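Enquirer: Following the hints, put chain B in place on chain A, whose structure we already have.
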Amino acid sequence: MTGRKKILIHFFVQNSTIIVFIVIFCLASFSSDVFLSNRNITNLLRQVAALSVVSFGMLLVVLTGGIDLSVGSVMAVASVTFALANATLGFFPSLFLTLLVCLVMGMFSGFMVAKMNMAPFIATLAMMIIGRGVALNAANGSPIQIKDPILTLLGRGYIGAIPVPVFAAFVTFVLLYIMLHYTAPGRIVIAVGSNEKAVNLTGIKVDRYKMLVYSLSGVLAGMGGVLTTSRTSVGSPILAEAFELDAIAAVVIGGASLAGGKGRILNTLFGVVILGTISNIMNLKDIPGYNQLVVKGLIIVIAVYLQGIQLSDLAWIKKITRILKSN
Amino acid sequence: MDSNRLELLDVSKSFSGVPVLKNVSVVVKRGEVHALLGENGAGKSTLIKILSGAYRKDSGKSIIDGREVNIRDPFEGKRNGIGVVYQEFTLANDLTVAENIFLDQLSEKGFIHWRSINRKAVGIIKDLGFEINPKSLVGELSVANKQIVEIAKALTVQAKILVLDEPTTVLAPGEVKDLFKVIKKIKERGTSIIYISHRLPEIFEIADNITVLKDGEIVGTRSVQEVDMDQLINMMIGRSISNLFPEKEYHNGELVCEVKEYTRKGIIEDISFSVRKGEILGFAGLVGSGRSEVMRALFGADMIDKGTLFLEGRKTTIDNTSKALKNKIAFVPEDRKEEGAILENSVAINMTLAILKRIKNKLGFLSSSSENKYCDEMIKKFNIKTHSLQTLMENLSGGNQQKVILAKWFLTNAKLLILDEPTRGVDVGAKSEIYELIKEMAKETGIIIVSSEMMEVIGLSHRVAVMREGRISKILEKDEISEVNIMKNAVPMESVEI
Chain A
315 MTGRKKILIH
325 FFVQNSTIIV
335 FIVIFCLASF
345 SSDVFLSNRN
355 ITNLLRQVAA
365 LSVVSFGMLL
375 VVLTGGIDLS
385 VGSVMAVASV
395 TFALANATLG
405 FFPSLFLTLL
415 VCLVMGMFSG
425 FMVAKMNMAP
435 FIATLAMMII
445 GRGVALNAAN
455 GSPIQIKDPI
465 LTLLGRGYIG
475 AIPVPVFAAF
485 VTFVLLYIML
495 HYTAPGRIVI
505 AVGSNEKAVN
515 LTGIKVDRYK
525 MLVYSLSGVL
535 AGMGGVLTTS
545 RTSVGSPILA
555 EAFELDAIAA
565 VVIGGASLAG
575 GKGRILNTLF
585 GVVILGTISN
595 IMNLKDIPGY
605 NQLVVKGLII
615 VIAVYLQGIQ
625 LSDLAWIKKI
635 TRILKSN
Chain B
13 MDSNRLELLD
23 VSKSFSGVPV
33 LKNVSVVVKR
43 GEVHALLGEN
53 GAGKSTLIKI
63 LSGAYRKDSG
73 KSIIDGREVN
83 IRDPFEGKRN
93 GIGVVYQEFT
103 LANDLTVAEN
113 IFLDQLSEKG
123 FIHWRSINRK
133 AVGIIKDLGF
143 EINPKSLVGE
153 LSVANKQIVE
163 IAKALTVQAK
173 ILVLDEPTTV
183 LAPGEVKDLF
193 KVIKKIKERG
203 TSIIYISHRL
213 PEIFEIADNI
223 TVLKDGEIVG
233 TRSVQEVDMD
243 QLINMMIGRS
253 ISNLFPEKEY
263 HNGELVCEVK
273 EYTRKGIIED
283 ISFSVRKGEI
293 LGFAGLVGSG
303 RSEVMRALFG
313 ADMIDKGTLF
323 LEGRKTTIDN
333 TSKALKNKIA
343 FVPEDRKEEG
353 AILENSVAIN
363 MTLAILKRIK
373 NKLGFLSSSS
383 ENKYCDEMIK
393 KFNIKTHSLQ
403 TLMENLSGGN
413 QQKVILAKWF
423 LTNAKLLILD
433 EPTRGVDVGA
443 KSEIYELIKE
453 MAKETGIIIV
463 SSEMMEVIGL
473 SHRVAVMREG
483 RISKILEKDE
493 ISEVNIMKNA
503 VPMESVEI
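Sequence order for the protein chains is A and B.
Using this note's numbering, the first residue of the first sequence is number 315, and each one after it goes up by one.
Using this note's numbering, the first residue of the second sequence is number 13, and each one after it goes up by one.
Quick caveat, the hints were computed from the structure, so don't treat them as lab data.
Check the hints yourself; a few may be wrong.
[What the hints assert, rightly or not] Here chain B is said to cover these stretches of chain A; the calculated rule only asks that three of the stretch's residues, wherever they fall, bring their Cβ under 8 Å from a Cβ of chain B:
(1) 330-338
(2) 469-482
[As the list claims (entries may be wrong)] Derived DMTMM-like pairs: lysine to aspartate or glutamate, alpha-carbon spacing no greater than 20 Å straight-line:
(3) A:K511 to B:E270
(4) A:K519 to B:D331
(5) A:K511 to B:E351
What you are looking at is a predicted structure, and each value in this text was computed from that prediction instead of being measured.
Where is the CB? At the ideal position from N, CA and C, for every residue including glycine.
Looking at chain A on its own, in the form it has when it is part of the complex:
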């Protein structure tokens, strides 16, 4: 294998998320003339805004080597909390209260992981079940209408040409990007996921940073919950069921390692957009929902396979070429 080939494959693996995105985007553009229309693209972005915010939180947790299964339930709690609070309070106090509740839920997950030494999968599974129960109980099992003009504006309004949810997601992206790349906590989070023992022996309180990421994941899920609620103006206790799986999928398609320490927020963003594009194009093509799931699953397999690819893995391609040539 020549040096140039090696560099090429290295480049390919490094940027596989973006390459997969470009391929899917091109396929989508060719297969439907509606896809590239202004309206459709705006719509697509609006649809993925909530998922992106939640996925960023998931990424933070995954970077430390954990996982947060509770995000979907936290979103539902956010939706119901906002609806209930909004009956008596204004938009901003309701939003504040909602995010506070979600922060506490995230903190508790973090507490279970960092201080009670529970496996993240189990701690957040418990939180997922608790959260869903709390949401159903608080809403009495049925959806709650919300009448708040600001919420409607959040769901349907624009800042310039950009839909408000997309704007909110983008601001979140920028803030977290800065945190991960230019601040000490961001760097420590990544280091914890790579080698927790080493970070601990460097004299850094690993527990605090674990609490931090689960808390942030809670707040971001809360934000995602409010954004989703704003599209329909209905507070729903069954909101975002299995949403955690989409968030994990986005993070994984974005090249993050579930073992921790590896992952870039820009790639997570692309992961989200890849998932969104697939749903969007399949809706445009009238592909039934059940088949959409199959395709989504296959895309995850392909994207993740491409990331883990090593030169030695490609030996089978060579072998096949050799056999074909000899025939």
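Expert: Positioned in the frame of chain A, the structure of chain B alone reads:
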């Protein structure tokens, strides 16, 4: 019939360019106990792992019963009649005795015949002169019984060679006697035993022949009758201190740290010592003597039950690692890959992890210019060979990784620097550079060095604390520091009369 059970001829092995075994040849006769002796890192365990198939040799031959064999993995090792009982047991605690013994041959024709397996297990254990219920869970057995299960497991195939790696370190004196009875029984069947131990008197009791390894080479093979303890020790250590080490300079700085009666029950006991600025205090002792545990306690990674610490004369409690850092104690752990380096991250991230506060600008953001300044300076000062600051740690050689970690701590301006095995897995060239750096760093700080390489402790330290079974048995000063004195104080007490 040929009386040689095993012949290893000209076996060599190196790990990433560092030779660990150099043309080693050993002959083990049928039905003998052959002791393998040598300091930590002499190559004993590598040799055994090559024999059992856990490692593959680079060159050389293994001949069993006159036939050359090529053992590529532990499975083939077992099929060729090689059973190994490692120092750390390889038993499944939640399975029964019988299940453990026959783990790799549980089913016949797809089903487990419990009665026959239990019966066979009883038989094997009885042959060793023991009685253990085959249905009890291994986790509930005593250590001595666990060891018997290990041995039984190794003997399920027609074992021609049984390797015992430091079998007595986990046993009480009475249990050692029982083990020796077992060994004699196995020996009578014609099975050869390779016996590794640090405890010399034991070796005189049980071994027929002794082979001494040093720095990956054979020093010699002797029969027990023709050597005495002194000769053996000389064979193990006989080498003058090479010029690997820089000249020692004695500074008499102020007291940096004073440890008094540190105790962690069952692990370390009554540990007291002090370190001055400009001084290198070495810690010597056998593996498991508690050296690393003392360091972990000092750094707050493990809790202590009793003891006081004075830092620069002030009484201080350190019960977690961030307190240690705050008090300017730095720790370079023994296991670089597991606890020292963050392999998946860049050189820069590794180097500045302990001083992130200092490279923040006024807004709280990390300033890459200030980070680069620190890193560039250290790379020059420590002569670190890396492609760039963004190169991942895993792409650096062991020596350069270690230098990055030393640089990380140097940047913290630590007052006390603890180095646990600072040159493990580092090639000789980088070693002497690291020694030079350590000496350089000692001008500013007090340094504690823990090392299994005796030459390293002797070559660098101004004083040496020798540990034995969780206690400091002796603190050697200046001229007292010698391999013989360290050995004398490191080898377990009940077993030595040198």
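Enquirer: Among the hints numbered above, which are violated by the structure, and what are their numbers in rising order?
Expert: 1, 2, 3
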